[in-house]
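Chemist: The whole structure should be built from the sequences, with the hints applied where relevant.
The residues making up each chain are set out below.
There are 4 protein chains.
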Amino acid sequence: MDVGFIGLGQMGQAIARNLLKAGHHVTAYNRTREKAEALVADGAKVAGSPAEAWRNPVVFTMLAEDAAVEAVTFGDGAGLSTLGQGAVHISMSTISVDLSDRLAEAHQKARQVYVAAPVFGRPEAAAAAKLFIVAGGEQSAVAHCQPLFDAIGQRTFVVGEKPSSANLVKLSGNFLLASMIECLGEAFALVRKGGIDPHAYLEIVTGTLFSAPAYKTYGALIANEHYEPAGFRMALGLKDIRLALTAADALAVPMPAASLVHDHFLAGVAQGAGDSDWSGLARLSAKNAGL
Amino acid sequence: MDVGFIGLGQMGQAIARNLLKAGHHVTAYNRTREKAEALVADGAKVAGSPAEAWRNPVVFTMLAEDAAVEAVTFGDGAGLSTLGQGAVHISMSTISVDLSDRLAEAHQKARQVYVAAPVFGRPEAAAAAKLFIVAGGEQSAVAHCQPLFDAIGQRTFVVGEKPSSANLVKLSGNFLLASMIECLGEAFALVRKGGIDPHAYLEIVTGTLFSAPAYKTYGALIANEHYEPAGFRMALGLKDIRLALTAADALAVPMPAASLVHDHFLAGVAQGAGDSDWSGLARLSAKNAGL
Amino acid sequence: MDVGFIGLGQMGQAIARNLLKAGHHVTAYNRTREKAEALVADGAKVAGSPAEAWRNPVVFTMLAEDAAVEAVTFGDGAGLSTLGQGAVHISMSTISVDLSDRLAEAHQKARQVYVAAPVFGRPEAAAAAKLFIVAGGEQSAVAHCQPLFDAIGQRTFVVGEKPSSANLVKLSGNFLLASMIECLGEAFALVRKGGIDPHAYLEIVTGTLFSAPAYKTYGALIANEHYEPAGFRMALGLKDIRLALTAADALAVPMPAASLVHDHFLAGVAQGAGDSDWSGLARLSAKNAGL
Amino acid sequence: MDVGFIGLGQMGQAIARNLLKAGHHVTAYNRTREKAEALVADGAKVAGSPAEAWRNPVVFTMLAEDAAVEAVTFGDGAGLSTLGQGAVHISMSTISVDLSDRLAEAHQKARQVYVAAPVFGRPEAAAAAKLFIVAGGEQSAVAHCQPLFDAIGQRTFVVGEKPSSANLVKLSGNFLLASMIECLGEAFALVRKGGIDPHAYLEIVTGTLFSAPAYKTYGALIANEHYEPAGFRMALGLKDIRLALTAADALAVPMPAASLVHDHFLAGVAQGAGDSDWSGLARLSAKNAGL
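Chains as they are written, first to last, in numbering that gives the first Met the number 0: chain A, 0 to 290; chain B, 0 to 290; chain C, 0 to 290; chain D, 0 to 290.
If you are wondering where the hints come from, they were derived from the structure by calculation, not from laboratory data.
Mixed in with the good hints there might be a few duds.
Given that identical chains are not distinguished, each listed pair holds provided it fits within a single copy or across any two copies.
Said to hold, decoys possible - Computed list of lysine-lysine pairs in BS3-like fashion (alpha-carbon distance at most 27 Å, straight line):
hint: 1; residue 1: K192; residue 2: K286
hint: 2; residue 1: K286; residue 2: K34
hint: 3; residue 1: K129; residue 2: K238
hint: 4; residue 1: K238; residue 2: K286
hint: 5; residue 1: K161; residue 2: K192
hint: 6; residue 1: K129; residue 2: K215
hint: 7; residue 1: K108; residue 2: K34
hint: 8; residue 1: K192; residue 2: K34
hint: 9; residue 1: K161; residue 2: K286
hint: 10; residue 1: K238; residue 2: K192
Modeler: This is the structure in structure tokens:
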């Protein structure tokens with residue numbers, strides 16, 4: 000397929016490269032042009048403007064935050080005015096439920112197709128085409144995108160016809176990860192202050208109750224107090240929890256654990272740890288305990 | 000070995016039965032005599048009093064709470080005055096760090112040996128000899144008990160020479176489970192109010208981020224809103240979180256997520272759900288969201 | 000002075016009436032025209048459109064929320080395009096810090112003057128010209144408005160030249176009130192479950208530690224469990240706490256007590272109590288305790 | 000009356016001195032004898048042992064914590080075995096509801112009379128005989144003590160026949176104070192980071208919503224960041240919140256605001272601020288905000 004791709008950060012590059020490997024033709028745009036050019040060797044065409052990317056039957060956006068997605072979609076020469084009728088916008092960014100709803104409405108008015116398809120997986124998983132895709136949108140539209148999803152991920156979960164459902168699931172998933180980190184941080188502070196070796200403790204936790212890779216990955220970062228460089232920045236963790244809380248507020252769902260995690264991330268960022276890994280929450284718990 | 004076993008609830012019976020299967024001689028005591036008698040067919044001898052059980056070189060206690068362990072250990076005709084010099088008390092109950100410290104001191108004064116060995120695993124795991132044992136105590140003492148642990152569990156983690164370290168680890172583990180339930184409950188309330196099918200959501204959560212059995216088990220209970228009968232009663236969950244918070248308070252470790260979970264369990268118990276499964280926390284989150 | 004007044008709810012009417020009493024000429028606009036007409040007997044002129052009100056040298060807005068203030072200020076025929084150069088917009092509504100900043104910027108560009116002047120006081124205080132005014136804006140502008148403030152309030156606090164400072168103070172004040180209600184609610188649940196008469200308890204609290212009228216007013220509502228009709232609706236309490244948290248988030252100030260209060264208000268609203276008085280938080284605490 | 004007085008810290012000395020001024024005969028005991036001798040000039044007799052103090056028809060205890068009250072009441076040569084039949088123990092210490100219940104039961108068995116009479120007021124109020132006394136106990140017993148209460152306080156509130164009711168009220172009052180401090184601390188962090196002068200802010204808060212002396216006193220400490228020397232130590236604040244939470248747990252009353260305050264006090268103590276004033280909670284909120 001001919002595919003436009005806007006946003007070639009660490010995740011976007013890996014995904015676009017897998018699309019190319021699978022034989023798709025990718026026109027790539029990135030604000031910092033070098034990141035798009037990095038894909039030329041793999042066969043990508045570099046777009047000089049977002050509009051060039053939008054002139055494809057399917058266009059992915061993979062950007063850092065709402066504002067960036069809004070800018071490339073709603074602005075002058077942007078998606079809504081450029082994407083063809085019946086063409087598809089696949090939004091992979093972790094954005095707000097509210098923005099996803101506004102995108103759905105705007106694309107529908109413009110007779111374009113909108114699919115929300117946020118992903119779970121760290122950059123290594125993206126590179127290995129092992130992402131999990133959570134897709135929301137009209138059944139036929141999602142089916143149309145399936146070959147693309149197959150090129151980049153190991154499994155696609157379709158959550159429903161309302162695109163923003165996929166964003167809600169993604170935000171809830173990041174909440175589950177963030178709260179797991181918070182709780183691990185508290186538990187490690189407790190046992191460390193009780194004189195127990197953190198690595199021994201980690202082995203018990205992951206060897207008995209919690210064999211999931213997320214526990215192993217983050218537990219190791221915490222046991223080693225290894226928070227820099229960041230795999231996923233605390234400032235982004237804060238952003239995602241904020242989006243989860245905003246969605247929860249709109250749906251009238253109290254989420255006290257999410258509030259707690261939000262306030263800890265905020266304390267971390269206020270104290271200068273915004274660029275540390277989000278597992279650095281555990282350092283806050285340790286400091287609060289006087290460690 | 001000749002083994003005394005005090006406390007034959009669901010867990011105790013399964014453990015004692017596996018000791019018998021492995022060829023050990025078990026003298027079993029339970030306040031309600033019928034529960035001890037249930038083991039006669041497996042070869043156990045029924046004790047008419049705790050003292051009879053305590054007159055063995057190794058004695059297990061597996062009781063519901065601090066008060067019960069105190070009663071059989073410190074009272075008249077109880078453990079401290081009956082257990083032989085050099086004999087071993089293996090305390091498997093989930094008790095407070097403080098009580099475990101007092102037991103360690105008292106047994107040492109009485110020239111007896113004390114090993115704290117709480118376990119992770121539900122009754123099914125106990126029946127299948129698949130428990131995880133977390134052991135704390137003098138190295139030689141723990142080594143002496145190892146054949147017994149091998150008969151009842153799949154793995155033993157030795158956390159240190161201070162017996163109560165094992166209790167601290169056990170309490171922290173139950174905190175991790177309880178907080179996982181809290182967070183799952185909030186996430187399910189969010190997505191359900193957002194119109195997403197809870198079973199589809201469960202499949203995503205356990206198929207992507209959290210493959211650990213604990214997520215599958217508790218996620219299914221929550222997706223099915225299946226809180227009765229209890230696998231582990233909310234009142235016991237509250238008790239364990241209380242013990243974790245007491246230990247944290249003594250070590251000066253703030254654990255806000257544990258406080259939050261405590262307050263939710265307390266609300267559940269106050270509203271009459273103390274006998275529901277502790278995953279019923281999710282029902283509270285749903286109710287708070289107006290579901 | 001010639002004064003425009005937009006927004007004649009309970010508070011707005013009382014304030015406008017006091018301006019009339021003090022000899023000012025008021026042109027009043029309200030979406031529901033009857034509320035403006037109620038002031039004709041007091042000497043007000045009724046405006047048929049917001050623009051008519053905006054054609055005055057000083058214009059008050061007293062509206063329920065950001066959206067309403069935005070609509071009358073930024074829309075077609077609205078404040079920015081109608082208010083004269085050098086004329087003053089006094090915004091009394093409890094709005095977001097962000098909107099107040101945008102109003103300041105927009106009015107400055109349009110060579111108009113903007114003063115933020117939210118108030119503390121319930122409708123009775125407004126009627127008695129006993130409000131407290133918290134004013135933010137250029138010194139000369141605030142001085143120019145002082146005679147108007149004197150007509151409606153007992154005291155004006157000037158917080159600085161940045162208008163939104165006044166909004167921040169107002170939001171922080173509503174947070175202090177809301178959190179006081181939360182804490183009183185928890186304390187009453189505790190003593191009631193301990194068998195203590197709530198009225199006797201109220202007398203102790205207000206007779207010893209907390210003589211402030213706010214404690215007496217809200218303590219009496221809680222002791223009497225008298226939450227309907229609302230003096231100030233829980234849904235508005237939720238809105239204000241949300242604005243406080245948004246401001247705190249933007250300034251990177253963790254406010255866990257505000258988060259807690261937010262989540263309780265949200266639970267109240269989700270369960271259908273949005274139209275009850277915000278002191279109905281105490282009913283939630285009582286329910287959580289099984290009362 | 001002939002009065003024994005055990006515990007002559009800052010509060011005890013001031014109270015005992017007022018009893019002497021009112022013409023009562025006071026036999027004073029303190030572990031550090033000097034503190035008792037300080038009252039000799041005022042007419043007190045110094046007791047060489049607690050038992051000497053207990054040999055009076057009315058005996059006050061005013062001690063720092065449960066353990067101290069237990070030691071002088073239950074130990075050898077202590078209150079229970081020394082106080083005469085029909086004689087009265089007035090317990091003014093801030094102790095747990097549980098200990099107060101045990102004291103009530105033990106004194107009743109010993110045919111002695113027990114009145115719980117904790118007080119509100121700082122040392123200055125004690126010196127000025129301006130304390131508020133919250134009394135619990137049999138009506139006739141409290142009436143019998145009234146002349147003593149009149150000598151030391153400005154008002155007595157009788158909460159019921161169950162002595163521990165008075166302790167519950169006292170603990171709930173300290174919770175209200177501590178949570179007020181927490182909320183003020185968060186509000187000050189917010190406005191300070193928003194560029195508002197903290198003293199101007201204090202004037203607004205106490206000039207509008209919260210005229211109560213407690214707001215003035217603690218607000219000034221926070222605005223001045225004046226946390227040493229302590230008027231009331233954070234470690235004692237932590238102790239009292241712990242007792243409140245223990246009482247709440249026993250009555251099954253969730254108190255999330257109390258949990259939050261507990262965790263903050265604990266963080267303060269863990270980080271070495273246990274000897275600062277409890278209003279130092281605000282310093283933690285400021286630090287969390289990166290101030």
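Chemist: Evaluate K129 and K215 at a C-alpha cut-off of 27 Å and name the case that applies: within, between, both or neither.
Modeler: both (18 Å within a copy, 21 Å between copies)
Chemist: Between K192 and K34, at a C-alpha cutoff of 27 Å, which is it: within one copy, between copies, both, or neither?
Modeler: neither (45 Å within a copy, 38 Å between copies)
Chemist: Is it within, between, both or neither when you check K108 against K34 at 27 Å Cα-Cα?
Modeler: neither (33 Å within a copy, 39 Å between copies)
Chemist: For K238 and K192, with the copy left unspecified, which applies at a CA distance of at most 27 Å: within, between, both, or neither?
Modeler: between (31 Å within a copy, 20 Å between copies)
Chemist: Give the relationship of K238 and K286 under a CA distance limit of 27 Å: within one copy only, between copies only, both, or neither.
Modeler: both (23 Å within a copy, 21 Å between copies)
Chemist: Which holds for K286 with K34 at a C-alpha limit of 27 Å: within a copy, between copies, both or neither?
Modeler: Neither way: K286 and K34 sit 38 Å apart in one copy and 39 Å across, limit 27 Å.
Chemist: Check K161 against K192 for me: Cα-Cα at most 27 Å, and say if that holds within a copy, between copies, both or neither.
Modeler: between (48 Å within a copy, 14 Å between copies)
Chemist: Classify it for me, K129 with K238: is the Cα-Cα distance of at most 27 Å met within a copy, between copies, both or neither?
Modeler: Intra 25 Å, inter 42 Å, cutoff 27 Å: intra-copy only.
Chemist: Since the copies are identical, ignore which copy is meant and state whether K161 and K286 lie within 27 Å (CA to CA) inside a copy, between copies, both or neither.
Modeler: Between. Shortest inter-copy distance 25 Å satisfies the 27 Å Cα cut-off; intra-copy 43 Å does not.
Chemist: Should K192 paired with K286 be assigned to within, between, both, or neither, using CA atoms and 27 Å as the limit?
Modeler: Both ways: K192 and K286 sit 11 Å apart in one copy and 22 Å across, limit 27 Å.
Of the hints listed earlier, those the structure fails to meet are numbers 2, 7, 8, in rising order.
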